[in-house]
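Participant: Required output: the full structure, derived from the provided sequences and hints.
These protein sequence lines map, in sequence, to chains A and B.
In terms of my numbering, the first sequence opens at residue 2 and continues consecutively.
In terms of my numbering, the second sequence opens at residue 2 and continues consecutively.
For the record, the hints were derived by calculation from the structure and aren't laboratory data.
Incorrect hints may appear among the rest.
Claimed, not checked - Derived lysine-lysine pairs resembling DSS-like cross-links, with alpha carbons at most 30 Å apart: (1) Lys-69(B) x Lys-51(A); (2) Lys-83(B) x Lys-137(A); (3) Lys-150(A) x Lys-137(B); (4) Lys-72(B) x Lys-109(A); (5) Lys-209(B) x Lys-69(A).
These numbers were taken from a predicted model, which means no experiment stands behind them.
There are 2 protein chains.
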Amino acid sequence: MENEKAVVIFSGGQDSMTCLAWALKKFKEVETITFNYNQRHKIEIQCAKKFCIDNNIKHFVYDIDVLKWNKNALTDGDIDVKETDTVPTTFVPYRNAHFLLIASTYAKSIGANHLITGVCQTDFSGYFDCRNVFIKSFEKMINEADDYKLKIHTPLMWLNKCETVKLMQSLKKIEWYAYTHTCYEGNRPACGKCPACKLRLKGFDEAKIKDPIEYEHNN
Amino acid sequence: MENEKAVVIFSGGQDSMTCLAWALKKFKEVETITFNYNQRHKIEIQCAKKFCIDNNIKHFVYDIDVLKWNKNALTDGDIDVKETDTVPTTFVPYRNAHFLLIASTYAKSIGANHLITGVCQTDFSGYFDCRNVFIKSFEKMINEADDYKLKIHTPLMWLNKCETVKLMQSLKKIEWYAYTHTCYEGNRPACGKCPACKLRLKGFDEAKIKDPIEYEHNN
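Facilitator: Here is the structure:
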């Protein structure tokens, strides 16, 4: 695999940054793709862009408009970000399917046979399309759609946030997290209070590693 | 199912018109979606539009730009339409995956649990994404991506063109074919010579039914 080309779905967040560091170790050539779907934390796209420019990594930003068709708190400013007993308001229906399909189409066009995504079943939180069974069924579907072979890699699937931080430490790239954005409120410094910030902080805390980004409050 | 809502992927061609006639018999409420992917036979979109206006059917046209990323004779005017020993030049990588995913996202947004597509394994001609195994794997994937139930119907999957024409006859809508476009060259009257025209004409011929569209040459 070391001589092959890969595409990383790169949101500009902590998980996809870890995936990018992982892919850069594993593959000869790595490109990144970021999706603008009018997410409230659109600032993550700027983070992704800055990182790729500073590190000379090929980066492609693609606009998707269909994800707002199904109401959710990430594309609709009128819906609050909150955890519920069932599906969180931040669940964007079919988001990962769209990301993976567009990334697959792009991968084939540049001759890459590998896709990397930072989805993770461990912090599943009701996001159906972060489960391993979804990724496996997507991989089967995309390989039935064409005779072009695509492998989907999910290096974080079974890690918790603490283990993800430790994986990044083992890759010696903790400092790259300074570029990442996680806060769902789109705040920078991060709010430290939304579900995404809380999950991130817990991971660093458990790994006993300092998060290099700034927070509004002293967490 | 009779009380439910459905979305038909409606290209404006003969097969999807047959599917639409089929769906209108089966479901209480039917909407249509047509994709503009800069296909050389773009005239089919106008055919679809005209039919839906004349027959008071809800119709949505969606533009896709990613299908041109992988070179093919339908989105690239410099590549000739021709049959080959392997994959035809008219194969558009991942086309049905994109159509089905966008249609699924739309279906959920309007509360429809049924999608209808005119893909057909019988005249497979090297189009991987027309095979039943692809449709089944897409259906599994989309149902793993969300807890929203979607059923994909392929009423033409095992029919040849002659049987499709006969199905339309049994639905008493042969006259609707006058609105349809098939010719890959985008000609109207149709060229009668491209692979798509030839397949269409053969079907009518075998069914002993007159094709209501006009052809350039007397076929």
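Participant: Looking back at the numbered hints, which does the structure fail to meet, lowest number first?
Facilitator: Per hint list: 2 and 5 violated.
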